[in-house]
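Engineer: The primary structure of each chain is shown beneath.
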Amino acid sequence: MPDRPDKAYFFGTCLIDLCYPQAGLAGIELLQREGINVIFPQGQSCCGQPAFNSGFPAEARAVARQQLKCFSKDYPIVVPSGSCAGMLKHHYPELFVGEPEAEEARRFADRVYELTEFLVKVLDIHLEDRGKPIKVTWHSSCHALREMGVVEHSKALVRQLRNVELIELQKEHECCGFGGTFAIKLPEISAAMVGDKVADVRQTGAELLLAGDCGCLLNISGAMEYQNIPIPAKHIAEFILERVND
Amino acid sequence: MTEQALVDFRANFAKALNDKQLRRNLTKAMDSLRLKRKAVFADKEALERLRSVGNAIRRRSLSKLPELLEKLEKKCTENGIQVHWAETKAEANQVFLDIIRRHQASRVIKGKSMVSEETHLNHFLEEQGVEVLETDLGEYIIQLDHETPSHIIVPAIHKNRDQIAHLFHEKIPDTPYTEVIEELNAIARKTLRQKFFAGEIGVSGVNFAVAETGTLCLVENEGNGRMCTTVPPVHIAIMGLEKVVEKLEDVPPLLRLLTGSATGQMITTYFNMITSPRKPGEKDGPREVHLVILDNGRSNILADPELRQTLQCIRCGACLNHCPVYTRLGGHAYGYVYPGPIGSILTPQLEGLQNAGTMAFASTLCGACAEVCPVKIPLTDILRLLRNKSYDTQDSPTAVEGHGYKKNVSEDLAWKGWTAMNTHPAFNTLSTRMLGLIGVHLPRVGPLKGWTSVRTAPKFAKKSLHQLAKERGLSDE
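Those protein sequences? They're chains A and B, same order as listed. First residue of the first sequence: 1074, per my numbering; consecutive thereafter. First residue of the second sequence: 7, per my numbering; consecutive thereafter.
So here's chain A without its partners, still in its complex pose (with noise of 0.2 angstroms):
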């Protein structure tokens, strides 16, 4: 297990920080109960990872510049997502070969955890659950599970809080359908997607679905609003932090 460090960068997401701010605000508390001291550098903004994907490799540097300029000292940077934080561990170092921040995109890389896994792996946190019994089911982000390889952390998580109980999804490693801007692009094979992930989370009878990755909450929990199927859809943390403070 790596030291545990006194200080700790947040990098909070471009969608938390439109969408989902309370997620990444419960993120920042489960850090500070743990006694880290949260950095939040203002002048952070996103991975980069639409650009990434969809052909355009300097806009994508350009913004990676910026966090790497905002994340410079040498504390983990801790990232409530599984997507944005494989970008950042895995991408950056390729997207900067060959540019003079090749090493300090290495090593950017070497600090970078999703959230979950800095709180089992680094804090070896232990939650003490103050919530009423409920049924929950669990997506797996499809960069959470094969670029960071967190999933069992998250799920770890969910585990450790004795009134909550984990149905699994039948396709649990099968992708929403969200892929950024694939959703805007193709929105027929994305829509196909999502709707069988929705019949999916509905078959479990889970009353509410929890995932790691807002790209792919905003993406389910937007089609089952749009379909009247009450099941609320939540970030891992916020749900965790409301499990351990009532």
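Be careful, since some hints might not be right.
Stated by the list, open to error - Pairwise CB distance ranges, derived in the manner of DEER restraints:
1) B:I187 - A:A1175: 52 to 60 angstroms
2) B:M272 - A:R1179: 39 to 47 angstroms
3) B:M272 - A:G1108: 50 to 58 angstroms
4) B:F433 - A:R1180: 24 to 32 angstroms
The set of hints was computed from the structure by calculation and includes no laboratory data. Glycine residues also receive a C-beta, built at the ideal position from the N, C-alpha and C atoms.
With chain A held as given, fit chain B onto it using these hints.
Structural biologist: Quick look at chain B alone, frame taken from chain A:
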């Protein structure tokens, strides 16, 4: 421009997605193939070791491809196999026709071969008055229905049993209707058996060609491949030039990876290793064996160190089986011979980005394909690279045909605006606040239109996390 420059991807996608029967057939079939693969590769560590071996073998083969191809030609020639080089699809088809004409033949029986689909061999030969019969059960089914393969391994996977039962009843003379699988198999077997005897030329693909021995390896489950390569007096095999491996000992790991990844089998029912035509004194086997080695743009792909990894593919189809997009569309919607993730990286390179570039965008980059690829092709990285090239107008020695085809002012401007917003904190603060204030009232046009066709619009928060963090006094170091 190629003959298929007008593939209307969006219309194809919509049609496939609306075909409920197709969606059901595909879901059932892909679920089953995934489970079978998982069962045969139960030991994850062993699988990872095997994938690394497979990757190393394929990389080594490609790194000395010209040398290995020369060796293969030399060995094959020594063994009595006649080797023909074809730079284009048309050249490959002409080689077939010349051999067929030389033998005054008119009946060809074929084992499964995706490269022959790539050259549209059947269509070409039929136009020349040659009868071509597909003998792989799946290929036979779709040939009856005048379709193309919808999957590179299981070509009729888009059809269910009922559909095949109706097809046999309607298309094969004197065939009573039955839905019993054994009876359907028996009907196909009986029909095909007569054709095997009458076939004058047998055609097959090649799974691996071994340079050191001049051996053509053919993996199959039905025995039709063995019939096509042993019964007729002439056998013509066709392969893409990337299918060569260096040594015989390279074959077992690749074979294991291929059968396990493709159909979840430890080994297939038949595995043919063809090293020569019938030798003097032997009682069976073809009197002539030909090998057609097709380039069709592959040497261009080889020239680019990153794109080259596309050619590592051993055509197992696991990336199709695990792709959430392929699973919902099936193969026909892609409009080209190779569908799914491997098709989406290969086809734009073979046919030009201007024709097939959309395929590189038909992915969420979820990574399921790269996760299962038995030879570790970084499919998502290559998809991303092809997206970059779609907007990249700069010429280079290894540029992909049609690069820069997507470049346009409005997207350039949009990404420039996005970059400005995300590199200037003050601008970012302003635009975030604006969205928080007016976001709900944004008109449902442009990007939001597709989104809101099945979802509610995103709800922009009144206060951004930046603001909340500031209000809580979080340190901004």
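Engineer: Taking the Cβ atom of B:M272 and the Cβ atom of A:R1179, is their distance within the range 39 to 47 angstroms?
Structural biologist: 42 angstroms, holds
Engineer: Note whether the CB distance of B:I187 and A:A1175 lies within 52 to 60 angstroms or breaks it.
Structural biologist: Once the Cβ atoms are compared, 58 angstroms apart, the range 52 to 60 angstroms for A:A1175 and B:I187 holds.
Engineer: Within 50 to 58 angstroms or not, the Cβ separation of B:M272 and A:G1108?
Structural biologist: This hint holds: roughly 53 angstroms between Cβ atoms.
Engineer: Using the beta carbons of B:F433 and A:R1180, state whether their distance is inside 24 to 32 angstroms or not.
Structural biologist: At roughly 28 angstroms between Cβ atoms, A:R1180 and B:F433 fall inside 24 to 32 angstroms, so the hint holds.
In this structure, none of the earlier numbered hints is contradicted; all agree with it.
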